[in-house]
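Trainee: Listed below are the residues making up each chain.
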Amino acid sequence: MNEIIPGSGANGEAARDGHSSAPAKLGYSPVAEIPHRLRVTDTDPKAARRAERQVAGMFTLSMVFVILSVIAYVLIDKYTVVYIPVLGDVGASNVVLGFTFGMAVLLIGAGAIQWAKKLMPDVEVVQERHDMVSEKEDDNLAAANYERGKEESGFARYKMIRRSLIGAMVLLPIPIIVVLRDLWITPPGENPTEILSTTMWTKGKRIVSDGTYMPIRPEDLPIGGLVSALPEGILEVQEEEHNLNARGKAAIILVRMDPEQIRSQQGEGWDYNGILAYSKICTHVGCPIALYEQRTHHLLCPCHQSTFDLADSGTVIYGPAARDMPQLPISVDEEGYLIATQDFAVPVGPSFWERDKA
Amino acid sequence: MSTTMDHPVEQVGGVTAKYVDERLGSNKFLGRNLGKVFPDHWSFMLGEIALYSFIVVLLTGTFLTLFYNPSMVEVVYNGSYVPLKGVQMSEAYASSLDISFEVRGGLLIRQMHHWSALIFVAAIAVHMFRVFFTGAFRKPREFNWLVGVGLTALALGAGFTGYSLPDDLLSGTGLQIIRGILQSIPLIGTWAAFLVFGGEFPGTEIIPRLYAAHILLIPGIILALITVHLMMVWTQKHTQFPGPGRTNTNVVGYPLLPVYMAKAGGFFFIVFGIIALIGGLVTVNPIWIFGPYTPDQVSAGTQPDWYIGWLDGALRLMPNWESVIAGFTISWNVLIPSVIIPGILFTGLALYPFLEAWATGDKREHNLLERPRNAPVRTGIGVAAIVFYGILWIGGGNDVIAAAFDLSFNVLAWSLRIGLIVLPPIAFLVTKRICLGLQRKDREKLVHGYESGRVLRLPHGEFIEVHQPLNYKELAIISAKEDLPVLPAPVKSDADGVRNPNYRVDQLRHKLSSFFLRDNIERPTDAEIEAGQAHAAHSAGLEAPLHEYEELDQDPVGHGGVLHHPGMPMTNQEQVDQRQ
Ligand code: HEM
Ligand code: FES
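Protein chains in written order, with the numbering used here: chain P, 1 to 358; chain S, 1 to 580.
With the rest of the complex left out, here is chain S:
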């Protein structure tokens, strides 16, 4: 620390840094990393929302543990909520009611916990879409995609176990369905259900067991995985969208200290604050309405939390197949929607980066994100998966929809079943078409510039349509497109007649690669682009005397970025000042 520190706060900071550094060598890390550059884009905040809502979940959950009692011992309620006075219920439910009515701020924290859980899962899902559609999962980030898939599954588990804890009628009904699902697993299902519930359903063990999973096991693993996730982001550096000055080998953005830290830190408080406001103003899961759980009662028309809706929909849409083989029952009607389909979806999700890399033969490192249109097949697959999920989700509300539109369940169910099979492929084709159309438009822009829509009559009588050159931003973004050729078809045997032992695999790979890449609209060459832009500039120039031709970005008063490297002699501000 060579600079003089005259402010007392800085002195304290400096002394502390030195104290710690002498023991841990921490300044080596700080020196390298306080200036670390993070690119900026609104969609990069989705992961942050997930992280921050998880922190809120941890804080509020810890508060709840101080009052919640995970016990299924029956007690008679004697709290202040009059309609339930004198009713028999589990201690778990009674303590959840007490949190809601007797503990000041308890309801706020309970509702914040539930809201932040909902936001947590939603943010994870949207964050995953962002990563998928921009190809951020490509090399070198495949591991982090896997960690993300794991986190998604765990988040669903955390939400479900939490939803079961209050032991009200809704949570018990959810558990009953879990029991039915467990029992449908061939061979081991019956025993699995008995082991999980500690005997027959509902028993008295399940709440304490879910509690251990909910407050220790699952959040512990989530915390560990989040740490790994962020460490990988840190070492690999964040991806960035293409743009002026952005290449595959640099990062353009704001330094950790101070801008990124202020923005990200500030954003944490914003997320936290909004959750507190929602928790105070909007009721979620009013457990007192439903009453305590008993296995012979149910309340009609209730919906599970949104992220479970698709599984519920799958259960509803499945035809009632069951087979008895050699006296043993296989309940396809439960097994397929609740075990097999989710299994396939999550496996597919986990394997996708590896499948795509194998199919396209792409082994490069990718630090620049790909625009969804430039990967039409990937984008199509993503949209098809969302449509599939969406139909299951709608199926989860089929009673509500049937009532609202006065449809019979049968008609609705069959429409949804057919839709489930037909619509995803259609969505795939339509999406791919749209992407290719956009690619074509991009190509037009590169070789001809913008169509301005204005027609100009030249002095010698010729009419031309005025084209305008792309501005530097668009040019950088659009021209960043990268093309890959289709992998060559393999030969059965080479010139010497030696058979290719991998022929079948290579052939499959060739076909897949062709599926991914063959329709690609090639990016024009640099020379073509340059000629096209020059031509457009010329036509715009012809028009210039007639119209007040104004380029939006033509009045730069400042300058762009500065080269940032650790240990640099000047601060950013000094460089800024120097250039002006």
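Chain P on its own, in the form it takes in the complex:
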């Protein structure tokens, strides 16, 4: 421990660098002189015997639990559900396996610790530490060896070798990074900006409801109602592409409100008699949204609570999202089903670097 005399001048360098090993200091007493109480198991052989039996008892009980757990594995039907107060309806096999195996393991630990606490010496012992810094000799040896290596290799002398080696080492990682390029085997002619900016919606594409995949007539939508919807043919596209990418972009919600209440839209006449279609994918970081409050026309994202006003162009009225919810212009076809009249005018979902270049 360092002896630091308080207020020993402004220059504390000696105190900071020093590492004296002389521990003679107030409050220090050699460990051997520290009072120490003997345990009952140290003085009473009967108590020691008892502790021995306890420890052995725990190890034995552990074996019993192992056997019980194997029996439970074999005998309890895996589909059996039981009601246990506090836990509720739970799988019997899971609970019994967890309990028996857990106890088997726990008891080994408890026994070992009891053994250590009651029967092994509880006298603390002392060992000296040494500074981490090497002895002067080793220091010198290391330095000498380094010098020898430098000299023999000529690393310092052969400037050209040195520089070219450094150059080679710097360039070496490049192929390792380049080879990651095909993490996305890009189809010819495609680029992320374009992919993110287009969806399945095209002029005349029918809107089908999520779940039934049936086309929707305006009169199917009650005022105040909200319906999750998708483009017709989404299932076929999913089948063909073997993924959910199209769904992740094209999902929309339809809401119907009194046309009087629509204060603004992203495009002139993009509604159909008060029916509005908006993207379902949050412009913050992309959670799907379906919490709609019909009285206020607010759409709330469950992930970080961004709130959009659907009666007012889907503008953000609260939360971390920065962009309005993109609107999809709709109309009806000659058979009276709702259709899109074009794709979204802006990319749906979270922002990205090239978003406004799209």
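Do not take every clue at face value.
[Claimed, not checked] Pairs of lysine to aspartate or glutamate residues, derived as DMTMM-like cross-links and limited to a Cα-Cα distance of at most 20 Å, are as follows:
#: 1; chain 1: S; residue 1: K36; chain 2: P; residue 2: D122
#: 2; chain 1: P; residue 1: K150; chain 2: P; residue 2: D139
#: 3; chain 1: P; residue 1: K357; chain 2: S; residue 2: E322
#: 4; chain 1: S; residue 1: K363; chain 2: P; residue 2: E219
#: 5; chain 1: P; residue 1: K78; chain 2: S; residue 2: D98
#: 6; chain 1: S; residue 1: K139; chain 2: P; residue 2: E135
#: 7; chain 1: P; residue 1: K117; chain 2: S; residue 2: E48
#: 8; chain 1: S; residue 1: K36; chain 2: P; residue 2: D131
#: 9; chain 1: P; residue 1: K136; chain 2: S; residue 2: E365
#: 10; chain 1: S; residue 1: K237; chain 2: P; residue 2: E135
#: 11; chain 1: S; residue 1: K139; chain 2: P; residue 2: D44
#: 12; chain 1: S; residue 1: K237; chain 2: P; residue 2: D131
#: 13; chain 1: S; residue 1: K511; chain 2: S; residue 2: E356
#: 14; chain 1: S; residue 1: K28; chain 2: P; residue 2: E52
#: 15; chain 1: S; residue 1: K139; chain 2: P; residue 2: E128
#: 16; chain 1: P; residue 1: K78; chain 2: S; residue 2: E102
#: 17; chain 1: P; residue 1: K118; chain 2: P; residue 2: D44
#: 18; chain 1: S; residue 1: K363; chain 2: P; residue 2: D131
#: 19; chain 1: S; residue 1: K36; chain 2: P; residue 2: D139
#: 20; chain 1: P; residue 1: K118; chain 2: S; residue 2: D40
#: 21; chain 1: S; residue 1: K237; chain 2: P; residue 2: E128
Bear in mind the hints are in silico, worked out from the structure with no lab data behind them.
What you are looking at is a predicted structure, and each value in this text was computed from that prediction instead of being measured.
Keeping the supplied structure of chain P fixed, place chain S with the ligands upon it in accordance with the hints.
Mentor: Quick look at chain S with the ligands alone, frame taken from chain P:
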């Protein structure tokens, strides 16, 4: 091996040791290290919990790989869980359901895996607090602090990749957010997202990729770092708290064989056993409830695993800033909370030991831990960081809180935003004050002893308050305080008019050092302490005839420690016996 070994087990052990030693020279190591001393304190078990839960994670995870199928190919579920029968889902989700319902013990192992992962991250965090607040990161242990920071980051990565594997609605929603975060990175973000997901989100590549990271890459690096971590602890020897007989140059504790091994080994089984009990009794992540992932559905009110909560909170509290510069979009609303703030936090964490050492000019080796009160600025910074983290974490549950207390999101968000800026500095100041108050109290105790609260009327009529001397333990602990003077202010130019080229840096360093050290309450000198304690003993002595004065530790029947060194002639027990 000179002692005779009559027990068959010992004979086998001895023969084996010799066999191995002839080939590896292992007895040199064993001879030196079987008696290695480890200090004991409850807080030293936190790191052990992290280690043991990681072992449980490895064991249970390996079992899961036998049944889990990391594939996003769509299948129709036909297992025994009725509500999902006939539903389209990925093979990953279907196999996770099968682990939960068809494989006997599968749900137990899945839940043990998840619970041990939660405990792993929690133990790492608390362990890190312990190391921080006791100054265990100081020289010579800075490297191990860095390894620890790396392990923390990797643990978060392991947890997140694991959480994504079942491919249920929750894990998919988490991935969707990751996609949004990737896309917010300027310049390369869009491409980064496409490369990570193998194309558009969600694609069919991400689960197999996360799987490789989750079961091989991340645990492999964690295992390597844990090994390095423990090797450093081994060579540098564990720090210890100040106490009787404990100095900066010794270790007081229990020898590896048998006490430490029995305790630490036993503790492994305890941690393992408790995880198994929790895994059997407490449901975690019931993936069957949420259904398979599809990018157009979300379940409201769900919370991520606890260690991701603060990032979620940061995303929620951030104002919706976005700028378009030269036609390019920068989403500050996503970039700042999910990339920049965590980046700053982790960088600050990694650099802290070096900053503090530089600011205080402390180049000594520290093997004795510092009591948090004796480093008020450090303790204050730590508490401020925890408050900052805590507010973000609360922000992650703002919907739950808003509903519970009937608050509007707006009011809550603004309170939390203001709190995020105002509360950490307040926490810093309050903590520092408390620490200094405790230091003052310690000083009192050293120079006056304990106030017993009893007043004594002396025979000649004088009233004195009885003070009692500190017992040897407290004296050792409190008097272990070390003081450092503030670094001197630099001079602009020396006596010969030569300009100090480092003036600005030195000036900054002087200011920082003053920030850290100037309020320190100096430890009294040894002479002052001795006089104070003698005085207290005297006043207690006056009282002694009136009260049955009892010192708790006055009836030592045994003795303290023994000097332990490798190759010593006597066992501990023999030394114990000899002294009695
Ligand atoms: C390094 C620390 C690790 C952490 C923090 C961690 C965490 C997680 C978490 C939170 C889950 C989700 C569990 C669920 O609720 O289904 C998970 C799943 C999984 N983990 Fe780990 N894990 C780790 C290491 C490993 C290792 C080493 C392996 C294999 C050798 C592994 C194999 C798996 C498998 C196969 C799953 C999917 C199980 C399922 O979905 O049912 N994990 N992990
Ligand atoms: S994803 Fe909707 S608010 Fe964050």
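Trainee: All hints are to be evaluated individually against the structure, with a verdict given for each.
Mentor: Hint check:
1. K36/S <-> D122/P: holds, 15 Å
2. K150/P <-> D139/P: holds, 17 Å
3. K357/P <-> E322/S: Roughly 15 Å separates the two Cα atoms, so the pair holds.
4. K363/S <-> E219/P: violated, 80 Å
5. K78/P <-> D98/S: Holds, at roughly 12 Å.
6. K139/S <-> E135/P: holds, 18 Å
7. K117/P <-> E48/S: The given pair, whose Cα atoms are some 18 Å apart, holds under the 20 Å limit.
8. K36/S <-> D131/P: Holds - the C-alpha atoms of D131/P and K36/S are around 16 Å apart, at most 20 Å.
9. K136/P <-> E365/S: Distance of about 18 Å is within 20 Å: holds.
10. K237/S <-> E135/P: holds, 18 Å
11. K139/S <-> D44/P: Distance ~46 Å between K139/S and D44/P Cα, so the pair is violated.
12. K237/S <-> D131/P: OK: K237/S and D131/P at ~11 Å, within 20 Å.
13. K511/S <-> E356/S: holds, 13 Å
14. K28/S <-> E52/P: violated, 33 Å
15. K139/S <-> E128/P: holds, 18 Å
16. K78/P <-> E102/S: OK: K78/P and E102/S at ~7 Å, within 20 Å.
17. K118/P <-> D44/P: With Cα atoms ~12 Å apart, K118/P and D44/P stay inside 20 Å; holds.
18. K363/S <-> D131/P: With Cα atoms ~13 Å apart, K363/S and D131/P stay inside 20 Å; holds.
19. K36/S <-> D139/P: violated, 26 Å
20. K118/P <-> D40/S: holds, 16 Å
21. K237/S <-> E128/P: Roughly 10 Å between the alpha carbons, so the hint for K237/S and E128/P holds.
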